[in-house]
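In order, the protein sequence lines correspond to chains V and S. Using this note's numbering, the first residue of the first sequence is number 510, and each one after it goes up by one. Using this note's numbering, the first residue of the second sequence is number 510, and each one after it goes up by one.
Misleading hints may appear alongside valid ones.
Given that identical chains are not distinguished, each listed pair holds provided it fits within a single copy or across any two copies.
As the list claims (entries may be wrong) - Capping the alpha-carbon separation at 25 Å, the derived lysine to any residue pairs in SDA-like fashion look like this: (1) 577 x 764; (2) 715 x 559; (3) 536 x 674; (4) 917 x 674; (5) 544 x 775; (6) 715 x 984.
For the record, the hints were derived by calculation from the structure and aren't laboratory data.
Number of protein chains: 2
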Amino acid sequence: MRTPTVGIDDFSLYVPQLYFPIEELAKARDLVYAKLNKGLGLEQMAIADACEDAATMAANAVLDLLHKNDLEPADIGRIYLGTESALDGAKPTATYVLDMLQDHFTDAYGGNCFLNCDVVDLTFACIGGVDALQNTLEWAAAKEGRIGIVVTSDDAKYEMNSPGEYTQGAGAVAMLVKQSPRLLAIDPDFGVATRPAHDFFKPNRKVTKREILQEVIELLPNVSAADVDLDELERKLAEGLEVNGVLDCNESHLLLHKATPVFDGPYSNQAYQARIREALYDYRRRHGSEPGQLFQDFDYLAFHLPYAFQARRMFSEIFMEELKYSGKWVDFILRNELEVPCADDYENREQYLTSCTDFLRQVTKSEDYRKFVQERIAPGEWASSRVGNLYAGSVFLSLMSTLEALLKTDTSAVAGKAICVFAYGSGSKAKVFGATIQQGWQEVVANFTIEARLNHRQAIDYATYEQLHRGVLTKNVADKDDGTFFLADVHEQRDETEGVRHYGYAAGWLLETT
Amino acid sequence: MRTPTVGIDDFSLYVPQLYFPIEELAKARDLVYAKLNKGLGLEQMAIADACEDAATMAANAVLDLLHKNDLEPADIGRIYLGTESALDGAKPTATYVLDMLQDHFTDAYGGNCFLNCDVVDLTFACIGGVDALQNTLEWAAAKEGRIGIVVTSDDAKYEMNSPGEYTQGAGAVAMLVKQSPRLLAIDPDFGVATRPAHDFFKPNRKVTKREILQEVIELLPNVSAADVDLDELERKLAEGLEVNGVLDCNESHLLLHKATPVFDGPYSNQAYQARIREALYDYRRRHGSEPGQLFQDFDYLAFHLPYAFQARRMFSEIFMEELKYSGKWVDFILRNELEVPCADDYENREQYLTSCTDFLRQVTKSEDYRKFVQERIAPGEWASSRVGNLYAGSVFLSLMSTLEALLKTDTSAVAGKAICVFAYGSGSKAKVFGATIQQGWQEVVANFTIEARLNHRQAIDYATYEQLHRGVLTKNVADKDDGTFFLADVHEQRDETEGVRHYGYAAGWLLETT
């Protein structure tokens, strides 16, 4: 059975019109900007505007993808969404995307235009989009003529003052998946490694009604907790007779959902590093490839990037391993004049291990590793520096960024080059897969215009940043918000329409380009 | 390219040990039991015990599936979970399932036993499990030897006194997907119909901190709203200095997640009926089959059943259509002595349409339709009558139920029979696919033991039902809770472990059966 070539035919990136300079955040939080910029690679963070959410960003990316490929709604067999910013626990965010697109195309193609399009959400922190891609590759491979869209969309938001704040970002990446792709051929047999972990997650946080009562009572200046009969209040609430609001539900508790995660940064870095390596081993096992061949098999490496320099900071161990297996280790040591620790030189194991850590730091700072990073990893970093973490979209932005960077090289040598993609999702899972650049790449990538898009955004000041973060604005901040979908309203009545979301489209952009 | 046969090799059902008789609910709510029982087919509802959640139920179903098929963890390439009862917005509930299974198998197979197993959650109300199945079929078809598990798990809970209350249920269905299945062969090219709708959903409900303050103040007997400076309180909260609890977050509002949905029953029924029909048309288009052949092509029909008799109550229109296209319409009218309304007989269109509705009711009550229901739909209903709605698992329970019912028929004639499956997810999407019963079916189905399992559950009284519903119990109610996974604790500290969930296993069952 000959498997047809499947892969990604095109990408579209949507980033909000607004960004907040990391330098401004550093000032506001009294952080050393150089550490964030030189150390982590951070320059700007994309900030979702007041009327943007995961659905609008995804719809914007998909619309752009459809337009630039002259596709009609009926051509698209599926739209699979990878997100961890879902707007609902049952109704997939993908249906909101479809809702916007359907409205948009009704005049041209009728209200049934997406009737036979299969949509669903896949959830696994930052790797749900890769899961959607892998399944859509398999689906496209199974039958000629199938065209699917995979889209990732997230608002990567952290609590203010938390150590995640400077890694924030927002945006969506859409990709067209089909047989005989113009851009990237991908083998759907991905390497995978999964281990349950609580490194970063968004639990439904349980809070009892009694806790809420106590909290509010503590806040009230003239009320003493001793004066209040909490048992009596709780009993009243259980009967559901006294209030018509948030506390009026049968349960003794409420579940809070926060857009911001519970996370442990160092633990998450460890999990990322371990899963990536385990998934690479699994990839080798599935493909019969040998350790030590990674840099022969692949010209570039693209990564999920929680911050721009995450990959370069954690990849040196695998880099070392590859050199050892390929027989280039001694050469590397000598050329870079490194001192290898030897257990015999130390009084105890702890001293030895410390020296090993120091040695790894030397490797990371060696001329060879710097060169390796510049040639193979850095092309995938620059866009991340300017938008921050996109969660599910981050690894695809790294791929897009690598490809756009290749436009500035000797383009005649690019087709046929291979990219190894390392994806990670907290919770935790990594996937590793290979992508080969196809003959038609240059024309496709020329239309990414990532850099141009990033250059035309609008900077916001700290005060605006804080207002957006607190969610107190009801209108978009961006001067130019035409040509994009926006959240028009959310029903607040506590009836059978509570939480219904309506979206709109500011049509200026269409007028400009047609 | 010859496509290999893929499908479902085996099923496992997990239902909680507890059930609540519908007759008791009818008494408590002053409802006519006969309407619920004879009208909707309801007898009992499965109720999740205090330490059960979507993850424990799924893990129980998967463990049973692994045990009865003598499978080792390393045999399983993926576990895809369809649920709308996710425990987290980023970390998939499937990782909790894996966590429990990994712990369970560590002694026998080591802590790495599921390392290369791919897990993820798919979310689309009651149809996420069918999406997981469709993708896993495609994945299994693409490479020999791949074995995947699809599992659905939900706690179908509604607010007390709401019109959804009597349709509640809980449970999980796991299925083994591979090439050359013993049980059901399935063509992965499903019919699909999608239209955005808000018929049933679980929005993140936005509530401002100010609203919470107001609500609590209203509850306090000795405090007048006029005495409280809400602006001042809000300002304090925005600064995040005054409290260390639920109100202490940057946003001006909280997002509430409720396990119970926002829904509109009649609208959801309409959407169900329309999507099912549209998906059937799409199925025909993809398979080149003609209208009027449905009852020739398929011997049984399995449905997503929000309540047991949903399908029989809404299928009569398609039944009529099939008769018309197959040329059996006149025969049907004459044999059942029905009076067909004719537009000329009525003074206006409204009268005519009313008579059409009456006519449809006659069709539904006709001897032929009753016979059709008894032969082709009822075999898939009886288990639903005794557990209620399983959300994502409901359609698979209907399939299992049909197969177990066939054990009581002339089993020599069963292999080769075909089942048409109608799945629906609010939001909204339907899928239609065909399943053909394989030679090895009888041995597999004999181990379902659905009826035996349902007969060995424990009834609870209204008081216990209400306590479980309110979430005030911390220990399981069931006398026998060994042989199942359970939720041991959830971290409540507001630090980087907030919301961490730990699970345990009561090992009695293993001791009993080995």
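Structure versus earlier hints, numbers of those that do not hold, lowest first: 1, 4
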